[in-house]
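Protein chains in written order, with the working numbering: chain A, 1 to 424; chain B, 1001 to 1424.
Any given hint might turn out to be false.
[Claimed, not checked] Some chain B residues near chain A, calculated using beta-carbon distances under 8 angstroms:
| id | residue |
| --- | --- |
| 1 | 1155 |
| 2 | 1158 |
| 3 | 1169 |
| 4 | 1401 |
[Unchecked claim] Beyond 10 angstroms from chain A on every Cβ pair, some chain B residues (computed):
| id | residue |
| --- | --- |
| 5 | 1100 |
| 6 | 1103 |
| 7 | 1415 |
FYI, nobody ran anything at the bench for these hints, they're computed from the structure.
The beta carbon of each residue, even a glycine, is placed where N, CA and C say it ideally should be.
Number of protein chains: 2
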Amino acid sequence: MESQVEHVRHLQCTTCGAVVEESHAALTCPFCASEGILDVIYDYEAIARRVSRDCFAASGENSMWRYVPFLPVDPAWEKPPLRVGWTPLHDARRLARALGARTVFVKDEGVNPTASLKDRASAIAAVRAKAAGRRIVACASTGNAASSLAGCAASMGLRSCIFVPRRAPRGKLMQLLIYGATVVSVDGSYHDAFSLSAAAIEKWGWYNRNAAINPYLVEGKKTVSFEICEQLGWQVPDWVVVSVGDGCTIAGVYKGFYDFFRTGLITRIPRILGVQATGCQPLVEAFRSGERFRPSPENTIADSIAVGVPRNPTKALNAVRRSGGDMIAVPDEEILRAMRLLGSTTGVFSEPAGAASLAGLATALESGTIGREETVVVIATGNGLKDIANAERAAPPPIEVGPSIEDLRQMLEARAQDLLAQGE
Amino acid sequence: MESQVEHVRHLQCTTCGAVVEESHAALTCPFCASEGILDVIYDYEAIARRVSRDCFAASGENSMWRYVPFLPVDPAWEKPPLRVGWTPLHDARRLARALGARTVFVKDEGVNPTASLKDRASAIAAVRAKAAGRRIVACASTGNAASSLAGCAASMGLRSCIFVPRRAPRGKLMQLLIYGATVVSVDGSYHDAFSLSAAAIEKWGWYNRNAAINPYLVEGKKTVSFEICEQLGWQVPDWVVVSVGDGCTIAGVYKGFYDFFRTGLITRIPRILGVQATGCQPLVEAFRSGERFRPSPENTIADSIAVGVPRNPTKALNAVRRSGGDMIAVPDEEILRAMRLLGSTTGVFSEPAGAASLAGLATALESGTIGREETVVVIATGNGLKDIANAERAAPPPIEVGPSIEDLRQMLEARAQDLLAQGE
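Okay, chain A solo, but in the shape it has when bound (with noise of 0.2 angstroms):
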């Protein structure tokens, strides 16, 4: 079968090396199964001749389909009419004085139309299950994944059913109800939720849209990049700091780079630090040793990136080590401290997944892998509006006061003097 879009040669597995023509049937490597992660693979130089740098403001498209000539879409298929994507990235000049750097953005991935970076790959997933006249769509996920994946079918008119573990609180799961997503409850832990899904998703024909097994998540991910690149006037930052789960994410980020360093679009690709939290760090470790992760416990807060088994660890450990970054793990405190700190010098409200990258860069700053004079990009992946519950945990306590202003001036003077200074 020939691919059906024209600027991708094929999908190439990870693990064998082994060359699959892109279709919408094929989504794993026929010899590796499970094991075998596919990798997009386009004709750059096809891709080069068609785009420029100005190419993409000179679409009109201010959302992730702005970069169509480097997706595994047809120009001509159906979008999801939610505006994915094209978040904006903020020079955050007081967070980078509180941290004692010189340049820091924030790319304020919560402000996506379900509230996380995984919208960009739902958007592909969405678009490939409709063009290859799919109805529904399919995963196992208890969160952004999830929702992401809900509300883009839903905005297309596809039917969306999502497998959750039993145990997964019921808050996690109202944007996906809400969506119209049927949600199936497994009597079970995570992995027979996840194996109900594989069954019956091939069973019933549904489209797949499981982390790692489906290879066109990874290439919604990157427009994040693509973005960064743009919104910083093709200025490549030195760093690119993200959190990381079952590695997806951050094979995203540095695809994006290698895309547009392949097509000469910029000229080096920047250093990625990848953060996970101390209470869950298999890819740190194996990052370190060298050697294939451990499976390892889930014990942080930060849910989104509270992955033990992770699924994508081959591209997420070639995405650091090709970039020449680095991988370190933060521990909750920090993440909460993170959160505090990004709120209150940006008005970015992250989840605690969000906020470890900076957790991650002010570890990074302080032991000098990352320079004080170096320009860093902080991803911060979804909305803290997900996760009030830890928003909880960060945030300080109000001041109590009876309704009487000599009250408050006494509970001022103690607790907030700075607001005193100021009139009287």
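Using the hints provided, position chain B relative to the given structure of chain A.
Chain B alone, transformed into the frame defined by chain A:
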């Protein structure tokens, strides 16, 4: 004192008609005090000479600041770096079909930086506070006004002080606290919190962002209507539907269309349908009776519009009447149903107050108030992630299964048969 913004003529009291010079000091009418809500009066002739339908896009601003020629801010004043406004307008075809209407658009305000339309108002407050040399901004609120003020202030390096009644659920304060606001929890009612905020603002010279009191907030909100005009290619819709609490938002919606009408950018003003919850409908009753509103209990899940004593009744009722519009109330069950309908047909997850507009549209279509052939814009005022507890009431339960595919098949046959129709 002369007006500081060239295209602003003056302020005018909506109660007694007194003219007040625009300045950083003037907020309410000197004769009517807090009853004397001011309206910002522009020099429309001067503005009309400067603007055209094309000038906004040409500004390159993908935010509310593309409309600076119509705002009470000097173009040179510092703006918040957050991307406020220029939210997507979705052509919601499946939603329209479900309602039996021809053309329904949804304006998704939930993707604003702090996830509600109120960012448009708070951004103006923060800009004017900074221009006036203030360092501290304040308001009394437990809701979107407070979180938007705290976020916008943080992004501009301003301090914020927010007054809340002791009973305010801590979950609602999280956004504020993470943005670094000083939250003063007052042992008393909302009224006590408001009074203490007023006294503190007066005593310490803080910038006042209390709704209705500050006449510039409505001017920020009106940008939602500017965007609707531009995004519809200058085809004015027949109706705009918006939920109503204290009345400031609907006043802003009207003001936007009025400004564009007065400067010749559009040739008519759409009818405005104001929607309240049946458990708290003082303005619906005042609209019907023609008399002054009577304070109401606040019995609705839609907390953003649960306002028993609306602070901006005159501007709100004027907006509906002058547009030839109407007001209706909808029960909470209809609001919950509308949340599901909106989410599942468009991928927009709205807070109850936002979905109330849609519930109002459904009712107005049934009663014939709005014709099925008319073009309607529904404003979804805030993100559903702000209120997971009520989403929980709106959402259907998940399907519970054991980890066997046969078990799953039986459950799907009973509850989601359409998922089995594909591929087998």
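Here is how each hint holds up against the structure:
1. For residue 1155(B), the shortest C-beta to C-beta distance to chain A is roughly 3 angstroms, which falls under 8 angstroms, so the interface hint holds.
2. The interface hint given for residue 1158(B) is broken, as the beta carbon of that residue sits about 10 angstroms from the closest beta carbon of chain A, more than 8 angstroms.
3. A least Cβ separation of about 10 angstroms between residue 1169(B) and chain A goes past the 8 angstroms threshold, and the interface hint is therefore violated.
4. Annotation: residue 1401(B) was flagged as interfacial toward chain A, and the flag holds, the nearest CB pair being 6 angstroms apart, inside 8 angstroms.
5. The beta carbon of residue 1100(B) is kept farther than 10 angstroms from every beta carbon of chain A, the shortest such distance being approximately 17 angstroms.
6. Non-interface status of residue 1103(B) relative to chain A is upheld: no Cβ of that chain comes within 10 angstroms, the nearest being about 14 angstroms off.
7. Separation of residue 1415(B) from chain A is inadequate, the least Cβ-Cβ distance of about 8 angstroms not exceeding the 10 angstroms criterion.
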